[in-house]
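Q: Model the full assembly from the supplied sequences, consistent with the hints where possible.
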Amino acid sequence: MFLLALTNGLVIGIIYALAALGVSLVVGIMNVVNFAHGEFYILAGYFSYHFANTLGMNYLAAMMLSVGLVLIFGMIIEVLLIRKTYGDDLYSLILTFILSIVLQNTYLLVFGPYPNKPPNWVKGATNVFGQFYYGNQRLAACGAGLVVIAIVYLMLKKTWFGRMLRATSQDREVAELNGVNTTALNMLSFGLGCALAAAAGVILSPIFPVTPTGGMAVALTAFVVVVLGGMGSFWGCVVGGLIIGLVENFGAAFISSGYRHVFGFIILIFVLLVRPAGLFGNREI
Amino acid sequence: MKNTKVILACIIVGLFGILPLGLNVYQQHVMIVCLFYVMMSASWNLLAGYTGQVSFAHAAFAGIGAYTSGILAVKAGLSPWLGIPLGVLFAAVIGFGVGLLCLKMGGIYLSLTTLGVSEIFHIIINNEYEITRGTMGLQVPGLLVEYSKTGYFYIMLVTAIVSLLVIYWMIHSNIGLNFRAVQNDEKAAASLGVDVIRIRVLAFTVSSALAGLAGGVYGHYLLLITPEIPSLDQQFLVLSMTIIGGMGSFIGPIIGAFTLEILSEYIRGYGEYHVLVFGLIALSMARFAPNGVVGLVQAGWAKRSTS
Amino acid sequence: MKKSMVCMVFVVLLIFIGSAGFVAAETLKIGVVGPRTGTAAATGKSFTEGIKLATDYVNAHGGVLGKKMEVVFEDTAGSPDKAASGFERLVTRDNVVMVLGESHSSAALAEIEVANRLKIPFIVAEAWADPITAKNYKFVFRAGPSNSGVVNETIAKWVIHEGFKKAYIVAENTDWGLGIGKLCEKALNAAGIANKTVVTERKGQDHYTELAKIKAFNPDVILAFVYGTGLHYFVAQAGEVHLTPKAIILDGAGPPSLWPDFWNNVGDYGNLECLVSSMHKDVELTKLATLFRKNYEKEFGKAPTDYKSRSIFDVVLIAADAINRAGTTDANALVDALEKTSLTVTRGQVAFGTTKGGPEYHQWMPPMLVIQWQDKNQIVLYPPAGATGSLKHK
Amino acid sequence: MLKGNGLCKNFGGVAALNDVDISLEKGSLIGLIGPNGAGKTTLFNAIAGAFSLSSGNLEFNGKSLNGKSANHICRLGIARTFQVPRPFAEMTCLENVLVPLVNRSRVGERTALLQEGREILDFVGLGNRDDILAKELNLVEKKRLEMARALCTNPQLLLLDEVLGGLNTQEIGAAVDLIVNLSEKRGIAVLWIEHVMGAIMGAAERIIVLDQGEKLMEGTPEEVAHDPRVIHAYLGA
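Residue numbers (my numbering), protein chains in the order written: chain A, 1 to 285; chain S, 1 to 307; chain P, 1 to 394; chain B, 1 to 237.
No lab work stands behind these hints: they were computed from the structure.
Glycine residues also receive a C-beta, built at the ideal position from the N, C-alpha and C atoms.
Some clues are possibly wrong.
Simulated coverage check for chain P against chain S, where a stretch passes if three residues somewhere in it have a Cβ under 8 Å from a Cβ of chain S [claimed, not checked]:
1. 77–87
2. 107–113
3. 169–180
A: Here is the structure:
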């Protein structure tokens, strides 16, 4: 039981971190909390399902294409809705909150109420520690999650685009003075945030099939992880995801499975009381 | 000037007083629901529109009011007439606590924390189904011995008027001035002697208590208290109504609540589409007219007076 | 000052627009309640299909009281409070003479209170909780399964019939899940079958923890009372952790295992899963059942899967029949007519119980089947009279 | 009246203030100068209670200010202005000054307070702008509003942060007169950060010079102007 909770906690933790990464990025750079994050996740899940199952595409190509389409969709949303709200973080929160409800109901209309699941990449289960069987798809998703996280890390630290993003997230005015086109950058980084949600969506939807209203739970967990880790902090996101994953699974295994999600919230509130800016946050709030 | 306002208010209240005579049962029901949303939006507006604390736990506080009174009625046989005040008190106490918890947080941190609080509350209701009956809903006794729509209409009307009077008094007193100062610039307000902590916690407590009141009366009107009352969907409605009406103005949420509730009754005929239509209206209002109907009217007025 | 006056006038105007009367109906309206949105929106879709076929059938056979029958389908989103207000709206706004449907017990329990208060006959189709009829409300009927009926007549008998020794009950935390879970516990204890129960959240996605607890008990059969997507997750994950196919899962509701995406969501782990259903193509009890299948295929271009489309079809027919026999829309006369119902529908001949005191009052229990998926074919296991095969283990 | 010993403030390991002593008498007018990033505004924030000190002691009229909140310090009689004006943008000028007035004393008739508010707006030269929203004011007017609000708290010590920036020569003259007037006629002590050297050198009794979080020197305007360390700090290397 202990080992199962540990394994599941780590795997789910990585997955949480991945889902939260997009939120964290957008908060860090634009100071916008995207309430509709989960809906972008769901959209990518539906896309990859329909590309792979309805159109018969290769699952990898379906995933890539879905992420790309959500990236573009995210940029369109930025232009239409988010651009007007810069500087007023609550305004963007309210707008994206309404957007999330609109998207949920659009999905219900377009994709129908049934859960949709893209094909598994791998089959079967692996016997872990000789103790229990663990789904291969979950292990694969965990691996894919790690790969995406590593790519994001390298992109932030090593590329020209990443430097520009970090410069902007530290001091927007200075970045502007140094010739960074922040309008274009905002559009790109919002799109990127959505694309990360999409990446989480295509990786996870074979395990947890997508439903029109499924995005809210994803977004909630992502918010908890981001606030816990500290808004805009890369490592905060990863560590926060792991903490929440482990706490929830150990809580569910040894205390009460019904209160699984409450354990995460309680940890969050304790951390906020001690460190109002989260574990890795240093921004003045 | 002040007199015209008072007279106008009296006329409207009077009109409402005789309204049930001209309405059928269904229309009376719609009016009662409208009044519930008036209370919810106006009290959320007190917190979000006047102190800038965009809480996502407002519906949860309505739930606290409703469940406290409902559980007391079902488990202890307490009359709702006593249960509702206790629910209000309990909501106020929890609101005070959440206000304290969120003190050091601003803006989105506060919003996300209240979201968490609301979620915890939701999970507790779902898990303690032996007490709350979970998603199944708690069937509670009514406020009236003999069920009567007209009776409930008047109860709701009186409660709404009392709530609105409390809110009106607050925003036009020194407290309201401090609320707005805190919302505009917390640091500047503190430097000018505004006790920011007291003001923020006060706003949370009062607003939560009013939500608890609205939830309690509503629950005992529906005779059924479910996790829908403290749900995020409900929060969405309250937020949309306030924004569409006009956040930060006294009359805005009242207009928003009536407009959207009546509108949603009309578009309900479209089945699955109604929430979508509702959301699209809210979205375009929030995007293109962030000050709501009141803002539009004011802008129109300003235009006319300058031209 | 003038601004607020304009606003006030605006409010008052709106109220009076809102209060404007509604045009009187030229047709005779019947209301249906059910989830068109929310987690069980799929049921709403099945209901819509069934309603379409039933309306066409009734109107092609002369309508009701010489008028055309029209069905107004009100969304409950699966939540009790929306259900109660939706029910009330059907009666007060649309002036329906009777209300039918519902598939969530929690919603139905809220609706029967309204039906009783407004004195409107209400025929429940697919909400199984016993108290719905056990409350013995004069205006409430059920032409569909009840928890105790399903457990005592079908599930428990099947478990004994197959000779299972250890059972695990998985109940979602709703009126239906908890209610049927308790009844199962009782029935299994009475039969001396070792059993344990775990309660899960309706919207839960990750069941690994619960599955580990179940695996430690090593049951022969898992009675899963989880509705909707939750069941798909559960079946897939149970397969992943190698709990199945050693243990057999029974979907205690049925439809989720029949939804179009079931196979896609659970993959091979769906093989050998069992489910409760009231419909199977080889076990058509009446001519009407065959007609229903034919019409359904003609109308929608596919075979009917979710049996709830047929349940609502039956209930609409029962209602139309009662109205025509009563010759009036008076509620008391309708109740009298319903109590005297003797109509053959797709699932057999309907007759409502009239003995007060228990859940049998105003209840008609259609026969239910236990079906097993064997290589994507539905094999009827129980009752033995209708069996088209026998239980397969790995 | 104000006494500070060994004031230190660290931001993530960087010392913004390092062992600064400060002392002010009633009615005095002290200038605070130093290059950008010298810690002037940090010192203000520490005195006004915007954040707490890392170490050191602050006393006002014999009462410790350590750990006191901003509003508490304001009620003790210390008022401040902000370098970048922070008016309550969505409120009228009169409402802006009403905020400190109603918080100064819980009792008091609204009409009397409104009267006092109008007088103070008049005094800073915003007499005809009562009902204008603060966000519609120009920079100079915003600075005046900032000053008016600070005065409405009825302070004994006024902390002014660059109130002259962006003003023309004539406006500077008027502003300096107003500040000197406060100090001399009303007996309000003023601690004044300013970059417009001519003005502050002419008006202040004494000048404190900060550089890189440390107190470089304190003296009369005359002494400061000729001190080589100050010249070096300003011109830099």
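Q: Against each hint, give a clear statement of whether it holds in the structure.
A: Structure-based check of all given hints:
Only residues whose C-beta sits within less than 8 Å of a C-beta in chain S count toward coverage, and the region 77–87 of chain P has 6 of them, enough to reach three; the restraint holds. As drawn, the region 107–113 of chain P meets chain S at 3 residues by the rule of a beta-carbon pair under 8 Å; at three or more, the given contact holds. Remark: the region 169–180 of chain P is confirmed as covered by chain S, as 4 of its residues place a Cβ nearer than 8 Å to a Cβ of that chain, reaching the required three.
Of the numbered hints listed earlier, not one is contradicted by the structure.
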